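4 protein chains.
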Amino acid sequence: MPTHFGPSLGPRQGEAGRKFANVDSPKVTARSVSFLTNREQLIPLLPKGFELVAEPVVTVEITYITEIEWLAGRGYNTLGVSFPVVFNGKKDHGVGSFLVVLWENLTDPILTGREELGFSKIYCEIPEPRIYQGLTHCTAGWMGFKFMDLKIWNLRQLPTEETTAQISKQGGDGILHYKYLPKTGDWGKPDIAYVTLTPSANPNQVVKEVWQGEGIVQFHKATWEDLPTMFHIVNAFYDLEIKEYRGAKVLRTIGGKDLSDQRILQ
Amino acid sequence: MPTHFGPSLGPRQGEAGRKFANVDSPKVTARSVSFLTNREQLIPLLPKGFELVAEPVVTVEITYITEIEWLAGRGYNTLGVSFPVVFNGKKDHGVGSFLVVLWENLTDPILTGREELGFSKIYCEIPEPRIYQGLTHCTAGWMGFKFMDLKIWNLRQLPTEETTAQISKQGGDGILHYKYLPKTGDWGKPDIAYVTLTPSANPNQVVKEVWQGEGIVQFHKATWEDLPTMFHIVNAFYDLEIKEYRGAKVLRTIGGKDLSDQRILQ
Amino acid sequence: MPTHFGPSLGPRQGEAGRKFANVDSPKVTARSVSFLTNREQLIPLLPKGFELVAEPVVTVEITYITEIEWLAGRGYNTLGVSFPVVFNGKKDHGVGSFLVVLWENLTDPILTGREELGFSKIYCEIPEPRIYQGLTHCTAGWMGFKFMDLKIWNLRQLPTEETTAQISKQGGDGILHYKYLPKTGDWGKPDIAYVTLTPSANPNQVVKEVWQGEGIVQFHKATWEDLPTMFHIVNAFYDLEIKEYRGAKVLRTIGGKDLSDQRILQ
Amino acid sequence: MPTHFGPSLGPRQGEAGRKFANVDSPKVTARSVSFLTNREQLIPLLPKGFELVAEPVVTVEITYITEIEWLAGRGYNTLGVSFPVVFNGKKDHGVGSFLVVLWENLTDPILTGREELGFSKIYCEIPEPRIYQGLTHCTAGWMGFKFMDLKIWNLRQLPTEETTAQISKQGGDGILHYKYLPKTGDWGKPDIAYVTLTPSANPNQVVKEVWQGEGIVQFHKATWEDLPTMFHIVNAFYDLEIKEYRGAKVLRTIGGKDLSDQRILQ
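As they're listed, the protein sequences go chains D, B, Z and Y.
For the first sequence, my numbering gives the first residue as 1, with consecutive numbering after it.
For the second sequence, my numbering gives the first residue as 1, with consecutive numbering after it.
For the third sequence, my numbering gives the first residue as 1, with consecutive numbering after it.
For the fourth sequence, my numbering gives the first residue as 1, with consecutive numbering after it.
To be clear, the hints were calculated from the coordinates, so they are not data collected in a lab.
Treat each hint with caution, since some may be false.
As the list makes no split between identical chains, a pair holds if one copy fits it or if it spans any two.
Cut-off 25 Å, straight-line C-alpha distance, at most; resulting in silico cross-link-like pairs (PhoX-like, lysine-lysine) [unchecked claim]: (1) Lys243 x Lys146; (2) Lys91 x Lys243; (3) Lys183 x Lys27; (4) Lys189 x Lys91; (5) Lys189 x Lys257; (6) Lys19 x Lys257; (7) Lys151 x Lys27; (8) Lys208 x Lys189.
If you're wondering where the values come from, they're calculated on a predicted model, not measured in any experiment.
Kindly produce the complete structure, drawing on both the sequences and the hints.
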């Protein structure tokens with residue numbers, strides 16, 4: 001929407017229907033911190049057909065993206081929260097990370113990402129990180145309320161072989177999403193409700209550097225007045241017990257894909 | 001989305017399912033300029049089932065909203081383009097304004113407005129107007145590219161009786177929208193495509209002031225590099241011939257509704 | 001500076017040396033909260049020649065300014081902290097408010113205000129207030145750190161006579177400032193250090209409304225990392241004991257002056 | 001100012017008087033384009049005692065700075081315009097670049113830079129560059145008016161030896177500034193007016209990469225309404241004839257100095 005001007009322009013559609021190669025673009029620095037929490041606290045976040053697999057380890061990843069082809073070279077930032085799941089549908093089976101929410105600081109990719117792909121994207125402010133005396137400090141906020149601090153330190157770069165190993169270990173089938181769009185007038189009922197998958201293959205993405213270190217992440221308790229559209233989401237993360245940190249990671253990559261391989265799992 | 005944390009909070013859903021009264025909230029200053037254009041230029045913008053009625057008069061309205069209850073007292077601004085149409089569906093018939101696009105400078109209401117209501121909302125920057133020596137100058141832009149100037153002058157306030165008359169003249173059945181959401185993976189096909197109506201009744205809205213005057217509106221030609229997600233929309237308005245201006249209006253209102261009376265027309 | 005292009009343009013200098021009348025401009029909404037504190041805590045903030053007079057009552061005032069003539073109709077916001085003093089110089093004597101700091105959310109008037117007038121202006125973010133269910137909530141921050149909350153409620157409008165009385169009671173000789181500019185290379189030494197006065201007369205300013213009510217103000221303790229250029233200022237206010245609140249006030253005015261009557265007190 | 005809370009914190013003063021080492025900080029990417037113009041157009045910009053030397057080549061340099069120690073790891077951007085001059089004072093002689101204006105997108109260093117050092121710093125918005133298909137596109141604006149585009153392409157990296165040669169060629173004695181601060185009340189008269197020098201020595205600065213290429217720079221003609229505090233500065237650059245471009249350069253450096261070696265030239 002508005003579709004009467006032609007299809008929404010964005011990552012999968014440029015001027016005059018042009019596709020984007022994503023070969024030397026975009027450049028991404030992804031910083032993440034993982035922690036072990038309680039199974040019981042993650043289970044309520046699972047849509048029907050999803051189950052936890054392996055340990056209940058939550059990963060909070062913040063990415064700073066530049067030189068994006070479909071934005072004519074501009075950039076934006078994202079903040080995602082995910083944990084490992086399996087989805088058992090009527091026809092399909094998928095193992096991967098369930099991306100329970102993905103904040104982005106630009107509306108345009110939020111719209112196409114939600115509607116075309118089923119990503120649970122919402123908006124927040126994600127300023128550039130502060131890097132000072134070996135500490136990287138990332139934050140996220142909304143209209144003056146800072147709801148997250150993520151700090152990373154003691155970073156050491158991995159040699160190339162380990163890097164490749166690191167990456168191939170990841171992913172399973174890919175990233176799992178629950179696409180849900182409401183029906184107008186019939187409040188509380190969906191028009192659309194299905195599971196989607198971002199397949200893990202990403203042939204144009206080149207990993208330039210991987211760094212490992214220590215980190216912490218803190219979500220800050222919010223009132224409805226602070227965050228009237230998302231205090232419940234932030235507080236769900238605030239409430240998660242952090243039983244043990246599982247380290248921090250910084251990844252620098254170039255290249256990617258337009259996600260037109262996104263598909264429905266049934 | 002994310003629906004696994006509960007329904008999206010927004011205008012129709014507060015903390016713990018609370019509804020908003022919208023009695024002394026929000027406060028809106030709406031500034032608009034209308035012009036006569038060519039029927040032939042508007043027809044391509046009509047979805048199936050829509051027809052132009054009366055003269056092809058386009059209205060560009062920019063609103064500055066404060067003291068919004070569902071945002072805990074914050075505000076945001078909007079910029080809409082509409083013209084009079086009739087919709088003849090299989091079952092339903094509706095006469096009103098077709099809102100071809102509504103820019104807003106806050107993502108949160110864009111998401112619920114698109115998905116719950118079918119408004120063609122997208123994002124842009126809408127700074128506060130400049131008011132200087134009797135001229136009000138409104139602008140809209142995106143990441144550094146100003147795509148619209150709207151100027152209003154020679155304003156004179158209407159007496160109360162005329163005000164009431166003005167308002168009741170408006171509207172027909174209400175505002176018409178075309179809700180379209182794409183199907184994941186089946187690119188180019190819709191998951192949802194239907195017409196929705198915002199009924200014109202707005203019992204809590206009190207018109208405090210109506211001013212009439214003269215005005216102009218200019219959309220600025222954009223390249224894909226300038227506006228990679230919406231140059232085609234802005235250029236469609238840039239291309240519209242302005243055959244004759246039909247005056248400017250400033251409306252100050254208090255109160256409104258949560259739009260939960262939005263419904264599908266079939 | 002840069003003076004090689006001609007004198008700095010701003011409130012006292014428009015295009016081609018033009019002066020501004022400030023008759024129907026600007027429009028100001030000033031919200032303030034006052035509280036009684038300890039004399040001992042204010043005394044260290046006094047430059048040489050200054051003494052406290054009357055009770056040690058601190059006023060925190062936040063103003064939202066629109067339709068500013070010298071900004072071609074744009075607006076900006078300010079946050080000031082002041083208390084009553086007397087200045088006894090070698091030649092001059094002045095009674096009034098000492099404006100210990102004035103934050104503004106626009107750099108341009110900060111520069112001319114500091115250098116031409118001697119106002120202790122520095123920068124911060126001052127978003128529009130939230131107004132919700134009878135409570136007005138104002139905030140100020142810097143690069144993601146919110147350092148102040150000011151809340152006002154129970155407002156009742158004063159009748160016109162009281163309004164006039166209110167205003168004439170104010171002010172004494174005016175607002176007192178300490179202008180200090182450092183000498184390059186001779187670190188720690190001033191190039192300029194003198195007291196300036198903003199005379200209280202403001203003949204073009206028309207008070208449209210005065211409201212009185214209750215209010216609170218909270219400064220938030222900051223680290224150097226949070227506010228590397230002003231944590232010491234914010235913490236000085238955080239440390240002030242609030243012995244008793246002395247009420248809140250909202251003032252709406254139109255018109256003003258260009259402050260070219262600012263003068264040095266010796 | 002406000003000096004009653006202690007000296008201004010900034011690049012030369014941290015918490016409790018701490019100095020900053022600037023060894024691995026900041027990280028700077030400087031992009032510049034130079035062009036030949038007319039001597040006659042630069043001469044009016046010269047303060048007393050200054051003369052042009054060599055060719056009238058103007059350099060427009062835009063820098064993107066991150067990991068700044070005195071900002072606890074934050075960053076900001078700058079846009080400067082300079083050309084080669086000689087200053088012949090009563091006592092001192094200096095050869096270098098005259099920095100006629102330096103825009104910055106953060107107020108805090110503007111204040112200390114103007115007042116402590118005599119840099120002609122003013123404010124503008126400097127978004128991150130767009131980098132797309134080999135073209136780097138930098139822009140600068142103010143409250144919605146984009147006043148400059150700078151584009152660089154065909155970049156090739158220089159080998160290390162050339163890099164060192166490049167850098168040592170630069171600079172002469174350093175960067176020259178004209179510090180001018182007005183006297184309150186005695187409008188049009190200075191309180192301070194002298195020349196300052198930023199010596200070229202910068203022992204902690206390590207040049208990591210130098211790239212050379214082609215580029216253009218365009219200033220856009222502004223009205224007083226567009227840029228009420230600086231249309232005259234922007235238009236002075238707009239008016240400069242571009243007789244010949246002299247290439248573009250991208251420099252990546254780490255480390256720097258706190259500029260406490262800044263001194264007055266008499």
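Here is how each hint holds up against the structure:
1. Lys243 x Lys146: within (24 Å within a copy, 30 Å between copies)
2. Lys91 x Lys243: neither (36 Å within a copy, 58 Å between copies)
3. Lys183 x Lys27: Close neither inside one copy (38 Å) nor across copies (29 Å); limit 25 Å.
4. Lys189 x Lys91: both (24 Å within a copy, 22 Å between copies)
5. Lys189 x Lys257: Answer is between: at 21 Å across copies they meet the 25 Å cutoff, but 33 Å inside does not.
6. Lys19 x Lys257: Within one copy only: 10 Å inside, 42 Å across.
7. Lys151 x Lys27: Both: 21 Å inside a chain and 20 Å across chains, each within 25 Å.
8. Lys208 x Lys189: neither (45 Å within a copy, 37 Å between copies)
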